[in-house]
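Participant: Each chain is listed here by its residues.
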Amino acid sequence: MQAMSFAVHIPLVCFGIAFPAMVVFLEGLWLRTGDPLYKALAKRWSKAMLILFAIGVVTGTILSFEMGLLWPEFMATFGDVFGLAFGIEGFSFFMEAIFIAIYVYGWDRLPPRVHIAVGFPVILAGFAGSFNVIAVNGWMNQPTGFSIRNGEVVDVEPITALFNSNLWHELTHMYLAGFMVAGFMVASVYGYAWLRGRRDRRHLTGLVVALSFAALVAPVQLLVGDWSARTVAERQPIKLAALEGLKETEKGAPFEVGGGIEIPKALSLLAFHDPDATVRGLDTVPEEDQPPTGIVKLSFRAMVAIGTGLAALGVWFVWMWWRRGRLPRTLWFHRALVAAGPLSVVALIAGWVTTEVGRQPWVVYEVMRTEDAVTGASGIPVGFAALGLVYVALAAIAYVMLRRLARKPFEVEA
Amino acid sequence: MLADLAMAVTLVGVTAYVVLGGADFGAGFWDLTAGGAERGAPVRAMIKRAMAPVWEANHVWLIFVLVMLWTAFPEAFGALTSTLAIPLFLAALGIVLRGGAFALKGEAGTIAEARALGATFALSSVLVPFFLGTSAGAIAAGEVPLGNAAGDEWGSWTGTLPIFVGLLAVVTGAHLAAVFLGADSQRAGQPELVHAFRRRALGSGVVAGALAIAGLVVVNSEAPDLYDGLTSGAGLACVIGSAAAGLATLALEWRERFEVARYSAAAAVAAIVAGWAFAQEPYLLPPDVTVQEAAASDAVLTALLIAAGLGMALLVPALVWLFRLALSGRLAYEEEPRP
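Same order as they appear, the protein sequences are chains A and B.
Going by this note's numbering, the residue at position 289 of the first sequence is 289; the numbering climbs one at a time, nothing skipped.
The number in this note's numbering is simply the position in the second sequence, starting from 1, with 414 added.
What the hints contain is simulated information worked out from the structure, not anything from laboratory work.
A couple of the hints might just be wrong.
Unchecked claim - With a straight-line cut-off of 25 Å between C-alpha atoms, the simulated SDA-like cross-links for lysine to any residue are:
| # | chain 1 | residue 1 | chain 2 | residue 2 |
| --- | --- | --- | --- | --- |
| 1 | A | Lys-297 | A | Gly-245 |
| 2 | A | Lys-297 | A | Asp-226 |
| 3 | A | Lys-47 | B | Ser-742 |
| 4 | A | Lys-408 | B | Lys-462 |
| 5 | A | Lys-408 | B | Ala-526 |
| 6 | A | Lys-47 | B | Ala-732 |
| 7 | B | Lys-462 | A | Ala-396 |
| 8 | A | Lys-47 | B | Ala-602 |
Bear in mind that the values here come from a model prediction, so they are computed numbers and not experimental data.
Model the full assembly from the supplied sequences, consistent with the hints where possible.
Facilitator: Structure, rendered in C-alpha cells:
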C-alpha cells in the first residue's frame with residue numbers, strides 16, 4: 001500500500017523539485033527582456049505547479065500517516081534515528097507551501113523583484129525536502145548512527161544517521177531525476193501540441209525551456225548513475241547481484257545484455273572499473289536473505305535503457321540547438337518527445353523499485369526485516385482497495401484541472 | 415526536561431492545527447449547510463476566496479505534528495497508529511478527498527458536477543475533524559496501550575468520551591470558521607455575508623460552549639483522573655481561560671467587533687488543548703506511559719529541538735507574511751475583481 005502511495009507521490013515530488021526552477025527561470029527571462037510572452041507563460045506554469053503541489057500535499061499527508069499506520073514497529077524502533085531528517089523535511093514542506101502560495105497568488109500584486117525573490121525559497125525548500133527524504137532512504141540502505149544492545153536501539157547519533165554515506169549519490173541521482181521528469185513531462189505536452197499543429201511562439205518557447213532543463217541534465221544523469229551503481233557494488237553486493245541476476249560469485253564477471261548474450265568481463269568493469277574484479281553472487285547469502293531477482297533485474301534494465309534513450313534525445317536537441325539554433329523539425333523528434341514524458345516517469349518508478357525491492361527482505365539493511373516492521377492491525381486489504389480508488393479519483397481530478405487550465409484563453413499583456 | 419520541551423513544541427503544532435486546520439474544516443461545514451445552489455452561492459464563494467491561499471500551509475501543521483511525534487516519541491507513535499489505525503485511516507482518506515474536491519470546486523463544468531464535488535468537500539470536512547477528534551479522545555480515555563495494535567481496534571475510539579471529543583472538534587472548527595469568515599467578509603466589504611457569518615458564529619459558539627460544559631460531565635464519569643486534572647491547578651486555569659475567551663468571543667460578535675473576535679475565539683480553542691495537556695500530565699498515553707518514558711534519547715531530542723528552533727525562526731516570519739498578505743486581500747487569482 002505504501003508502495004502505491006509512493007508511486008503516486010514521487011512523480012509529484014519531481015514537479016516540486018524542478019518546476020519552480022523552470023518557472024522562476026521564465027520569470028527571469030521576462031524581467032531581463034521585458035517580453036510579456038515569458039511572463040504569461042510563467043504565470044500559466046505557476047498555476048499548473050500549484051495544482052500539482054496541492055495534490056502533492058495531500059499524497060504527502062497520506063504518506064506520513066502510512067508510515068505509522070503500516071510500519072508501527074519500524075517507526076517505534078527507528079523513528080528517533082532518522083526522525084531528524086523528517087523533521088527538517090516537515091519544515092521544508094511548510095516553507096514550500098507558504099512561498100508557493102505567495103508566489104502563485106501574488107502575481108501583479110507584489111513588486112516584480114519581490115515576486116521573483118519569493119520563487120527562490122520554493123526552489124530551496126524543494127531541494128531541502130528531497131535532501132532529507134533521500135537521507136532516510138540512504139540510511140535504510142546503510143544504517144549508521146546507532147547501535148543495538150540486547151535488542152534495544154541505543155547510542156543514537158541523529159547527525160551521523162542523517163549524513164550517511166549513501167546520501168550524496170542517491171540525492172544527486174534523485175534531484176537530477178526530478179529535473180528530467182518535470183522537464184520531459186512538460187516538453188511532452190508541448191511536443192504533442194506541435195504534432196497537433198500548434199506551432200506558434202508560445203508553444204515553441206514552452207517546449208524549448210522545458211526541454212533545455214531536461215536535456216542538459218539527462219547525460220549527466222548517466223554519469224551519476226554509474227557512481228550510484230559502483231557504490232551499490234561496494235556496499236550492497238547482494239543488491240548488485242540481484243540487479244544483474246548473478247547467481248554465483250565470479251571473477252571477471254560477464255555482463256548479460258539480454259536474450260542470453262553476454263559481454264565477457266563487462267560487469268566487473270562496469271561495477272568496479274576493473275575487468276578482473278570479483279563480483280559476489282546471490283549464493284553468498286542464504287536464500288531467505290536474497291531479494292526477488294526477477295523484478296529487480298527487470299526494473300533496473302528498464303531504468304538504464306530509458307535513461308540512456310532520454311540522454312540521447314537530450315543530446316540530439318542540444319546539438320541541433322547549438323549548431324543550427326532551432327529545434328529538429330522531424331516528426332520523429334516530436335513523437336519521441338511525447339513518449340519521453342511518460343517514459344521518464346516509468347524510469348523513475350523503475351529506479352525506485354530497484355533500490356527498494358533490491359534491499360528486500362530488509363527494511364533496514366541487514367538490521368530489520370520488512371515482515372518484522374509491519375502493523376498488527378487488521379483490514380489492510382480493505383484500506384488498500386479504498387486508497388486505490390481514491391488515487392484513481394485524484395489522478396482524474398489532476399488531469400481534468402490541468403486540461404481546464406490549458407483550455408483557458410492565453411492572455412499576453414500588451 | 416528535554417522530553418517536556420519536545421512535547422511542548424508538539425503541542426504548539428497541535429494547537430496551530432486545531433485552530434487553523436480546524437477553521438478550514440469548519441469552513442467546509444458551513445459550505446455543507448449553506449443551502450441550495452443559488453442561496454448558498456455567496457457564502458461558498460467567500461469560503462473559497464478566504465481558504466484558497468492558506469489551506470495548504472494550514473494543513474502542513476498536521477504533518478509537523480506527526481513528524482514531531484514519531485521522532486520524539488517513536489514508541490508512542492507506533493502504539494497510536496496501530497491501535498487507532500481505523501479512525502486515522504478514515505481521516506487520511508477524508509483529507510485526500512477534501513483536498514482534491516476543494517482544488518477542483520468552482521472549476522466544475524455542470525451543476526451536477528459542482529454539487530457532487532461540493533458535497534464531497536463538505537462531507538469530508540466534517541468527517542476528518544470528527545475522526546481526528548475521536549483519536550485524541552481515545553488517548554484521553556486511556557484506551558491506547560503501548561505495543562503493536564495492543565489496544566482494541568474498534569472499542570478504543572467508539573466510547574462515549576472519544577465520540578464526544580469528535581463532536582467537539584467539529585463544532586469548535588465550525589465556530590472558528592464562522593468567526594474568521596465573518597471578519598474576512600467585513601474586510602471584503604460584504605455586509606450581508608458579515609451578518610450571515612455573525613449569526614453562525616453566535617449559534618455555533620453557544621453550541622460549542624454547551625458541549626464543553628457537557629463534556630466535563632462526560633469526563634467526570636469516563637476518565638476521573640483527567641477530570642481531576644481539569645479541575646485543579648494549571649488545568650483548571652486553562653478551563654476558566656477557555657470559558658472566558660469563549661464568552662468574550664460571543665460578546666465581541668454581538669457587538670460586531672469581528673477582528674478582535676478572531677483572536678479570542680482562537681484563544682478559547684487553544685486553551686482547551688493546553689488544558690487537556692496539563693490535565694493529562696505527566697502521561698502521554700494514560701494510564702501508564704509518561705512523556706518521559708516514551709521519549710527518544712537526549713541526543714535525538716536535542717538535535718530535533720535545535721532543528722525545530724531553526725525551522726521556526728524561518729517559518730514564523732514567512733507564515734506571518736503569508737497571513738498578512740492573505741488578510742489584506744493581496745493574494746488572489748487575477749480572474750477575481752481586485753479589491
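Participant: Next, verify each hint and record whether it holds.
Facilitator: Tested hints:
no.: 1; hint: A/Lys-297 x A/Gly-245; in the structure: 6 Å, holds
no.: 2; hint: A/Lys-297 x A/Asp-226; in the structure: 16 Å, holds
no.: 3; hint: A/Lys-47 x B/Ser-742; in the structure: 22 Å, holds
no.: 4; hint: A/Lys-408 x B/Lys-462; in the structure: 20 Å, holds
no.: 5; hint: A/Lys-408 x B/Ala-526; in the structure: 22 Å, holds
no.: 6; hint: A/Lys-47 x B/Ala-732; in the structure: 21 Å, holds
no.: 7; hint: B/Lys-462 x A/Ala-396; in the structure: 21 Å, holds
no.: 8; hint: A/Lys-47 x B/Ala-602; in the structure: 24 Å, holds
Consistency with the previously given hints is maintained throughout, with no hint failing.
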